[in-house]
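Colleague: Protein chains in written order, with the numbering used here: chain A, 1 to 611; chain B, 1001 to 1105.
Just so you know, these hints were derived from the structure itself, not from any lab. Among the clues, some could well be false.
As the list claims (entries may be wrong) - With the C-beta cut set under 10 Å, the calculated list includes, among others, these residues of chain B facing chain A:
hint, residue
1, Met1023
2, Ile1029
3, Ile1031
4, Met1033
5, Leu1046
6, Val1047
7, Phe1049
8, Arg1051
9, Val1097
10, Asp1101
11, Thr1102
12, Lys1104
What the hints assert, rightly or not - With beta-carbon atoms standing in for the labels, derived distance ranges:
hint, chain 1, residue 1, chain 2, residue 2, range
13, A, Ala571, B, Thr1102, 25 to 31 Å
14, B, Thr1102, A, Phe550, 53 to 59 Å
15, B, Ile1084, A, Ala571, 24 to 30 Å
16, B, Leu1008, A, Phe583, 37 to 43 Å
17, B, Leu1066, A, Phe583, 49 to 55 Å
18, A, Ala571, B, Phe1068, 48 to 54 Å
19, B, Leu1066, A, Gly599, 42 to 48 Å
20, A, Ala571, B, Asp1099, 53 to 59 Å
21, A, Cys554, B, Leu1103, 43 to 49 Å
22, A, Val601, B, Ser1056, 30 to 36 Å
23, B, Leu1103, A, Val600, 45 to 51 Å
24, B, Ser1056, A, Ala580, 17 to 23 Å
Keep in mind the model is a prediction, meaning the values are calculated, not measured. Glycine included, C-beta positions come from ideal geometry on N, C-alpha and C.
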Amino acid sequence: MNLSTIAWITLFAPLVAAAIILFVTRTSKPLAAGLAILSALITTTCGWTLFVKSAEGVYHGFNWVDFGHSLAIPFDLALDPLSRTMLVVVTTIAPLVFIYSIGYMKEEVGYWRFFAGLALFLFSMLGIVLANNLVMMFIFWELVGVSSYILIGHYYHKDSAADAAKQAFLVNRIGDFGFMLGILLFWVATGGPEGGTFTFAGINHPAPIFVQNPALLAVAVVLIFCGTVGKSAQFPLHVWLPNSMEGPTPVSSLLHAATMVAAGVYLLARIFPILSSSPEASEIVAWTGAITALGAGILATQQDDIKGILAYSTISQLGYMVTGAGLAVSAALPMFHLFTHAFFKCLLFLTAGSVIIGMHHEQNIWKMGGLKGKMPITFLTYCCGMLALSGCPFFSGHYSKDLIMACSWEHHRGIFWVVVIAAGLTPFYMMRQAMVVFFGKARSEHSEHAHESPLVMTIPLILLAIPAVIAGYPFFEHTFFHEIGSLEEPTGIPTFVPQVFLGVFLAGLALAFLLYRNVEKDPIRIPFLENRFYIDDLYFWIVRVIQGGFAKICSFVDRWFIDGVLVRGSATLVWTVGFALRFLQLGNIQAYALFFGVGVVGLIYLLLHVR
Amino acid sequence: MPTLANYLIASGLLFATGLGVVMLRRSIIVIFMGLELMLNAANLSLVSFSRYGLISGHQNYNAQILVFFIISVAAAEVAVGLAIIVSLYRARQTTHVEDLDTLKF
């Protein structure tokens, strides 16, 4: 089998599995799970084969749109160092989550629907990874949106889940609109109908018009970045991600930690050459990321839902990745953090799922407590994930996050301090979660009778804990990233900077330890943070007042002007004229003859005298 | 020798008489006769134009041929019109136009 065939199998295996589950093996639970996992394992094998053989190049499929020279959109797969690394991340995590789902979803409704959704999601994500042009990426981008909609809304009979799914889809649409405009702007700028291109190779060479107008380039890049803001849940479009925790936990783990939200960062790495050639756009990207990292970190400290904390920490870490892209150092910088984060965040979500199952679907951390003895495997793997996320030395997150922060020192001091403060918040909220959930006394009956999850769930945890610890080591860094770009420590960093990183890590950890030791309820209550900066309320207000008001005006215009004046008005006019003319119907033949005669005379007059 | 003007005046008087009959009389048969009078007034003027309007010394026979057409069409029209009047009388027992006002609003 040549590499091209393998690449196509990688992409389409999950789609085939999803179709079979949907149309053929609906009722059978083991077949649904088996097919999905089989397809995931196929993608893993193929993905690793492509990586090991360093497949390189563009594999042509077919022309999706073909109008000759003026507009051709081929459906091609691109394999380069970047997509190979991403392929490995996605295809390694996916089967673990799929296997874990067997245990998690055992008692749930819609079992086959769930696995079909997972397979469809994997297909869409692989499409993003392998896409060779922006249009193809956009299509799969939307497919990811659709499949995440299906998965988040899995418990669609619950209003909150249905709303969350709808919100995730709609908020993403806002970002995608900008993304679409950006694609079109790039197409027009590279020549439009005369040789315009959508391919990444094409747009990453600055078009002449962009060289002359740096402002236009910045606009184009920021428009593409809108897609990232939506998909990677950056401020101000982050609201959908915490709400999307309504979906089953494996979904949160797969979609909202390791793959779907990473698509936005992957997009930035894809367009990195053009992004880094526009300083203004890079600045906007970096600041958006930094603000998101800090804001989400602050919000995470006051969440009570075990998955809510992880959701905000995901947003915060995505902020780091976006900052890393905006620093314009190297495409490997955000990708390295994406790589490590994928493993430890996936692990954290799966441990959270394990806790939730052990607690009989209780998600409030203040109902938990003292679980470390009852769920030892979950506890130990959680610790690995938590330390990696917090940036503890010798854990994976330490390497990638500190590298981003060190690079930001060189780039911009403001961004540096923002992300350092956010880095101090990370160990604080993670330690808070650990202290409340695993230490102390049991706070409810469920936590007293909690039990360890079955093997099908704990084995993926253990398998994920290993990369969560070691994925940042120089061996991995070299294997996966040296071809994408350099990950050199920036020179000229003062020696106190690494000490600052260690300092904020220890400070956050110690503070949380002191504050949350043996507490019954949260000692700190800040309504402003519990209510998520009131941003959600602001959006609801905007939707209700501005959009609702606009709808009312439209309705008024429609009802009174369009319907009243134009539609009914014209009908009334015709009726009135007809009514007036009725009085000419005298029923007298001689009167008609008179009208006729007058009419003829009038016509003759018109013909002779009026030109 | 009468001139063209004499003929046209006679034709105009005939037409005016016919028009007056159509406009003023009440009996539908008399109105019908007025219509015929107007047609024949038109015929008279056509024939006189033909007689006096010479083309390179010859009469213009086109007008006379048109007159024959009018006479034959008028004959057909009389047949149809009288048939309508007869069936109208059978249905309504009247030939007075005041009584035929069903279309009045």
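Colleague: Please go over all the hints and tell whether each is borne out by the structure.
Modeller: Each hint tested on the structure:
no.: 1; hint: Met1023; result: 6 Å, holds
no.: 2; hint: Ile1029; result: 13 Å, violated
no.: 3; hint: Ile1031; result: 8 Å, holds
no.: 4; hint: Met1033; result: 14 Å, violated
no.: 5; hint: Leu1046; result: 18 Å, violated
no.: 6; hint: Val1047; result: 22 Å, violated
no.: 7; hint: Phe1049; result: 18 Å, violated
no.: 8; hint: Arg1051; result: 25 Å, violated
no.: 9; hint: Val1097; result: 5 Å, holds
no.: 10; hint: Asp1101; result: 3 Å, holds
no.: 11; hint: Thr1102; result: 7 Å, holds
no.: 12; hint: Lys1104; result: 3 Å, holds
no.: 13; hint: A/Ala571 with B/Thr1102: 25 to 31 Å; result: 28 Å, holds
no.: 14; hint: B/Thr1102 with A/Phe550: 53 to 59 Å; result: 57 Å, holds
no.: 15; hint: B/Ile1084 with A/Ala571: 24 to 30 Å; result: 38 Å, violated
no.: 16; hint: B/Leu1008 with A/Phe583: 37 to 43 Å; result: 39 Å, holds
no.: 17; hint: B/Leu1066 with A/Phe583: 49 to 55 Å; result: 40 Å, violated
no.: 18; hint: A/Ala571 with B/Phe1068: 48 to 54 Å; result: 52 Å, holds
no.: 19; hint: B/Leu1066 with A/Gly599: 42 to 48 Å; result: 24 Å, violated
no.: 20; hint: A/Ala571 with B/Asp1099: 53 to 59 Å; result: 37 Å, violated
no.: 21; hint: A/Cys554 with B/Leu1103: 43 to 49 Å; result: 47 Å, holds
no.: 22; hint: A/Val601 with B/Ser1056: 30 to 36 Å; result: 35 Å, holds
no.: 23; hint: B/Leu1103 with A/Val600: 45 to 51 Å; result: 21 Å, violated
no.: 24; hint: B/Ser1056 with A/Ala580: 17 to 23 Å; result: 56 Å, violated
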